[in-house]
Amino acid sequence: MTDPFGLSGRRVVLTGGSSGIGLGLAKAFAETGARLTVLALPDGIEALDGIGDKASILACDITDRDAIAAAMSKVGDIDVLIANAGLERLTPVDDRSDEASDTFSKVLAVNVTGTWNTAQAALPQMNPGGVILMTASVWGRTGEPGFAAYVASKHGVIGLARTLARELGPREIRVNAVCPGWVETPASLRSLTEMAARQDRSEADILTAVSASQCLPGFQKPEDIAGLYLYLASPYAASITGQAIGIDRGEFLA
Amino acid sequence: MPDPLFSSLRLDSRRALIVGASSGIGYEVAREFHLQGAEVTILSETAQIATAGDSLQALDGRPVTAIRCDITDTEELTDALTPLDPFDILVQNAGYERLTPLLAGPEADAEFARIVAVNLTGAWAVTRLIAPKMPRGGRIIYTASTYSKYAIARNSAYAGSKHGLLGLMRSFAHDLGPRGITVNAICPGWVNTEFSNRSVRQVAAETGRSFDDVGDDVLRLQSLPGLLEPRDMVGGYLFLASDLARDVTGQTLHVDRGEYQD
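Here the protein sequences line up with chains A and B, keeping their order. As numbered in the UniProt record's numbering, residues 1 to 254 make up the first sequence, in order. As numbered in the UniProt record's numbering, residues 1 to 262 make up the second sequence, in order.
Treat the hints as calculated values from the structure; they're not laboratory data. Here a beta-carbon is modelled for each residue, glycine too, at the ideal position from N, C-alpha and C. Treat the hints with care, as some may be off.
To be verified - Here are a few chain B residues that face chain A, going by a calculated C-beta distance under 10 Å:
1) PRO101
2) LEU102
3) GLY105
4) PRO178
5) LEU224
6) PRO225
7) GLY226
8) LEU228
9) VAL234
10) GLY236
11) GLU259
Use the sequences and the hints to build the structure in full.
If you want it as C-alpha cells, here you go:
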C-alpha cells in the first residue's frame, strides 16, 4: 500500500509496536515514509529490528508516567499519535485469587491508564491538525465471558477517545478509536488457547465460530487493518472525530 | 487532476454507479471516482443530472453515463438499470428531506410517504437491482445521516427512514458477506448543501429564529468547529470503496466533525 494517503514526512508516534497489530502498524507507517517513532517494552525491541532503519525505536513502559514523558520529550513535534499498546488476559469473575485481582488491575493499568498517560505525555507536542488514534476492540462494544478486565478496559478506551475528541476538538486535534475484530496476533492466539481450555472446546471449533459470526468469513492479519489507521491519520479523515470504528469483517455491526 | 493524495486508491476499470449525483455529496463522490479512473454512471430524478454528466465528462474527456430516473418508480428504475453491465461499486446517495411535524395537517402524510419511499424503499429497490450481478470484491455504500443515530423534533420521517437505512445496510452486510461484498454507510453531519440548508431554513421559519441561529445549534454539537462542505465527505467514500477497507463491513462511518459519537 506504500503511501495511499500522503503521510510521508508526517511525524508519527506508535506505542505497543513490537508485536501483533502494533508491529503491523509499525511496518505500514514505516512504508509510507512517515517519520516514525515506535515505543515498545524493552523485551520487545528486538522484534523491531526489521524496521530499525525506517523508524526510531524507544524502550518505554506506558504505565510509568515519567518514562513515557521522557520518551515523548525525545520525539519533538507529533502529528499523529497511535496509542496502541495493550494487554489482553483472561480474568474469569469466579477466580477470586490475589493473582487474578492483580491481573485485573494490570490490564486496566496498561489499557486505560496507559492510554491516558500516553495522550497526556504527547499532547504538549501536538498542534492543530494533530491526530490521536487509540486501538480499542470489538470487545470495546460487546461482552466476552472470561474477559471482564479486557472488555471493561476497551470500553474505557472508547470513552477516552470520545471525551478527548470533545476536549481537543476546539484545538483542531482529532481523536478516534479503532475496533479490530479477531486478528491473528500472539495476544489473540494466547487468548484462544486459554478460551479453549476454559470452555473445553478445540481452538479450531472456536475459530469456526468466530468466522461464522462475521458477515465476511475468514480471518484478519495485522496488515489487513493497517489501512484504516492510515486513512484516519490522514487529512482525508479531517472531518472524522470522536468515533469508534469497527474493522472486523462484520462481526459487530455498529 | 485527481487528488495526488489518493494515488494508491485508483479505481481504474471499476464500474461505479452513484445514485443521487446531480449535486452536493453525490456529485463530489462521482467526480472523485471518475478522476480516479472509475467508469462512472450517475443517476438522479432531476433534470440537472445531464449537466452533471457533461461536467464530469469535460474533466478529462472520458465518458460518463447519466440517467434520469425516479428511484421510487420501480418500473422505470428496473428499465433503466437492468440493461447495464454489472457494477463493482454502488453508492446509494439519493435522499429526500422534509420536516414532518407530528401535529401538522394531512400534507405531512404525503411527505412522510415520499421520504420513506426515497430513503428506504428506494435504497432497497436500487440494491435489489444491482447486488445480484455485483462481483466478489464489490462495494455498497449508503449515505445515511447523523439522524440515523439520533433525532430532533419535526423530523420523524427523515430520522425514521435514516435509522431504517442502517437496518437495511446491516442486513445486506450479512446477505452479501459470503459473496465477498462489503456493505457500509456514511453518516454525514450538517453539510452545506441545498438539501440540508432547506431544512435549517424551515426550522428557522417555524420557530421564528434566524438561519444562522439554528445553524449554530448544529455547529455547537460538533467537536471540531466549522461547517462541512460536500467535498469534505469524499475521503470516506473513497476509503470504503478501496481495497484498504476490504475487512470493513456492516459499519457506519460518521463524517460529521464529531457531531454524534459512535
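Structure versus earlier hints, numbers of those that do not hold, lowest first:
1, 2, 3
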